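Fit the two chains together into the complex; they arrive one by one in their own frames, and the hints show the way.
Those protein sequences? They're chains D and V, same order as listed. Okay, so the first sequence: first residue is 1 according to my numbering, each after it adds one. Okay, so the second sequence: first residue is 1 according to my numbering, each after it adds one.
You can take every hint at face value.
Chain V regions said to be covered by chain D (calculated; three or more residues, Cβ under 8 Å):
| no. | region |
| --- | --- |
| 1 | 49-62 |
| 2 | 181-194 |
| 3 | 289-300 |
| 4 | 339-353 |
| 5 | 385-398 |
A few chain D residues that don't get close to chain V, going by computed Cβ distances all over 12 Å:
| no. | residue |
| --- | --- |
| 6 | SER46 |
| 7 | VAL281 |
| 8 | ILE282 |
Derived DSS-like pairs (lysine-lysine); straight-line CA-CA distance at most 25 Å:
| no. | chain 1 | residue 1 | chain 2 | residue 2 |
| --- | --- | --- | --- | --- |
| 9 | V | LYS51 | D | LYS129 |
| 10 | V | LYS280 | V | LYS247 |
| 11 | V | LYS146 | D | LYS171 |
| 12 | V | LYS176 | V | LYS89 |
| 13 | V | LYS42 | V | LYS355 |
| 14 | V | LYS51 | V | LYS355 |
Derived from the structure by calculation, the hints contain no laboratory data. Everything numeric in this text was worked out from a predicted model, so none of it was measured. Using N, Cα and C, we set each Cβ at its ideal position, and we do this for glycine too.
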Amino acid sequence: MIRSAGRLLAGFALAAAATAACANTGVAFVHGTGNQTDALNDYWTSEMVNSVRQGLPNQANYTVINCEFERYMWDSRASGCLAGQLTSFISARGITDLVVITHSNGGNVLRWILSNPTYDSRYPGIISKIRWINALAPSSAGTPLANAVTAGNVFEQSLGWLLGYASDAVKMQQTHWMAQYNAQNLYGTAGRPALPRGFWSVTGSNVRSAIWTGNSYCGGYQFQLGLTITQAWLNSCSDGFLECSSQRAAGFSWFTDTQAMNNGYFLSHHQSRRQCFGLDVILRNDI
Amino acid sequence: MRIFKLAALAAAISISGAAVAQTFELQSTEGDVIPSRLTAPKSAPVGNVEKQALHFAWALQADAELRQQQPFVAESREFWAQLDPGAAKRGFAFIPTAEGTLVRISRSGGARTGALTLADLALRVDGQSVEAAAAVRNLAGDAELKAAGALFSEGTVVFELAPSLVGKRVEVALPKSNESLLMHVLEPNSPYLMSLKANRMQAQPGGWIELSAQFSEAGTSLRAERIGGLVTAPDGRSFEINFEIDKAGVGRARFEVPEQSEGGPLPWEVHAFGVVSSGKTQVLRDARTGFQLTQPSARLIGSIQAKRLDDGLAFAVPVQAAASGRFELRGTLYGSDAAGTLRPLAIAHTAEMLKSGSGMLELRFPAELLRAELGAPYALKDLNLSDQSRMSLSEQRQLALELPALPN
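Isolated chain V, as found in the complex (with noise of 0.2 Å):
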């Protein structure tokens, strides 16, 4: 082992090149996160924020593919319903759309007034009145599905309909109840999909996001009829969001984020409700999707430095933060292999706490983690400095620099 790392150390130096200590400017590329100008955060930190400065790397695998992460894609085969006291005595009706449809009814009184029964629920089907036990299996209350790690309400019931219910208009009901209800109906096994995507996963503060939602049958896309949705602040705050309907039938909004917002751990929630026809039969659906509010209390500036160390390489990083508190930079490395292909050698992470203005941040690659296989040209990239103190991005450089040799 011990012969190992010394050869890899050698081999490091040796590639390293004529390159003395050297500046380098950062780059930019669509896509990254710049603060435009910096803003004080209001919130407090998030838990015990840690004092001491830490350095820490470890090597990557050559081979390892390494991409720019995508906007999670919300795939909906499932709606929800609020009924008042009144409509939960008439009924809610829809139309199964496919085999294994799920009902999840959870009343206002809860454990209060006992967990809902069969003997609870009126079912019509096509207009006529059936026997619940005929038309429903695998009924279970909110003890199984509890004790099975899904923390359902008390007094939920979730049942299945029996398959000859598709197509067929099926109202269900509680007769008896004088509370609102909530159903959810899960159609797992249904054509009928509703997608719903940001177009990033990041936003500042008075910034914009982009919000698509599609409907397709069995892959081919379908016309929404409507759409709308909310979009919910970690605070609580909701903003109603209007989609448009454009020609090819993707529902599209575009939310502004208000200016006065702070980043956090927590994401923003985005919920759409969408409804769409298919010959005789209209179909709800609800996604919900998220994305993160950057923090713009720090960010890179001016030159970034690249140093050999007695035990490896640093990049010095100069960082102006707009008020106290601890900082992260993390950053991979990545060198040449001998196709001069560029590919992941190392990542390394670096925090301490920086007091308001200008500071550095160095991040450190022990000589070990300089494999001898790859060599230059270099480049830093996914270079992230973060307000570690409020769990918050605050500026993100894909490619942050390409160094044609490492400095001696």
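Isolated chain D, as found in the complex (with noise of 0.2 Å):
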């Protein structure tokens, strides 16, 4: 596994801490875009969720958050759902340690969290436990993806007839608009103040999608198939959704899928929250 120096010396003095004060760890699973009503089964899998947790002195700590992640992060069904969710898991299971594992706009409603911890009373609460977040394949700084769909919606509107699908939060992920936010209303991206909890991502770098590559069918070929094609809107380093530039516009990079995955495989998006090359080893080793 490949950690930066950094990442090294703030484990080291998270566990210094969090032996003397004999902690509690947890774990919690935040999924992307979407409204999800059971996450692990329809988003994470319960395989992956499962062999993540083995890490974990008490199994039992882990949570798999269910909210409404179509709506803009600032949004009481998004980023309050989350925090909802996150304090009741917090409160039940007496966490005292914390580590996020979140995917794609997760990370940016986790983010939103982080940067405004006096919107709500109850962000000074979580951000306090949390150790650090693993943000798989977060989508910092947008993508081009969101950007033409929204704009077909547009064209589309002043038309008379909607017929794409544009949610609140594909508008907030267009480039433009994210650029607006983390200069503004996020922290963690080039010259902005640092996040006050590590943020280290997780970049997917390519696709594969040959039919005779068993890398391909990891977490369902199908979907390899559509990345292949949405891959041509973004430059050459991306993970079919998002380009490496934005998974490691916040934070700190911690690794890109062909450092640690094994044999060097690529970690489409779909396939950076799935049971893939190793990653959930790495994150059950991580905890």
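Have a look at this one:
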């Protein structure tokens, strides 16, 4: 596993503090864009979650968040819902040391909480318990695909027929909107103050969809095919949905897929939330 | 850990100098956002407004390179075309300028009329009909795109043009269609680029914003033939803007923000449509950027008092509010290193409900954040006052205070 010196140092410091205080470690899985009611099965899969939580001293100390991440990140049904579920989890399980695993837009919703600690009285308590965030393919600088989807809707709306589907979350992830939010409402990007807790990104750098390669099938081949096509909207380093630069735009880069995955495989945007190529083991060992 | 914190506190106290609680005048620099007059917002608060007063602060690394954020620069290698049923039947012509050109088509019937297929398309290259299958590759429908997380319209089809079509006149038609058509052409590898940017990230109601759009070919500037545009407010109002092409070939427009507008978390959108000719090639480009509107519902007034608390340092900042609401203040404290360079120490946020009129917000920096390695002189930078009820910036000072020493 590749870790930066900074992450190691932070880890030692927090481990020391945690040991001294008899930390009760928990892990939270925060999904990406979409309204989830059963993210365990529909978003992460139980194989992924069960594998990761093996790293917990008490394997019951985990939660899978289900919120309306079709909304803007500040919406009470997005960050408010996330804050409510994290607070309940922390309280119910007595969590003192929380590792948060986010995927895609889930990173933005959590970054809203970290960047705006006085927006909601639940936020400071959550931030104080977080050890760090492992942000899998976070859409920190948005994606040109959101621009394409949203622009289409604008035109269609002007014609009087709206066929596309651009939720608030998709609109928010347009690159020019995220640039605005990163400059004014969120921390952690270049030139901006650091977040109060470490935000460590995992970057997917390519998509493999050749029908003859086994790694195309991890997580479902049908997803890989679509990602190969959407990759055309993006530059040469992308996971099929996000450019690498967006995934690395906030916080610290933990690793890029080829540095850490089994056989140096790529992690597509779909695979970075699935039990593919040893990702689950890396996350498990990090708790 | 505890020993470290105690040491830091002792050091912080010892470096604070002989000053007592001190009063400082706010400073301003070019580019600051300072409301000239206050207006009570008419819009409803955004979401559930927190009622509890909250303070939060954290340390920043001394070597962090904090800088003023610059407006986003949109770069476009794409354009959109809206075709009525007649135009859709006749076809839309363009000349691909690079390999890898993607064409996305959706039609008004959408899912009701089913997804488009290659059989629906008629392609002509330099006036000659060609089999779509020979001119197209990587065809995908909305199902595949949705599976990848790209939520394109129902019935949308996307395909890539064959590399052999670069530089040729390509016409795409739906000869049997009786519907309107929306066509999006993306040329990710094209040397032709249109950039668009605003001169600032925030504008005040009644203020203005300058926009510039520029074409280039492989990094060399091109003179735009014409550029038009629209500014769209979050409430749906849209305003036509006219770009004047200057001597350098850059399109420039100035947009006056309507006085009666209000701030909010959603950006105002700027959409520019440009045409450039290079030899026989006429290239179309669309680009979008945005800016946010400030909300002059509160401002900083009077002098700031810096005072030592039992557990740290506080800045008491007087605020005038035009209406009751929840207001947030955030600022970054800097200290000087051994070479005399100002470096970040910590950032603090505070927010609470204020009534209309004069109030006070207190920015608190706990003692453990005042690290010994950074000393006098100090500065309070990037001081932001926001209307948290409406998620809008009210005032922003890049260099708010310079402090020769911290108070005892």
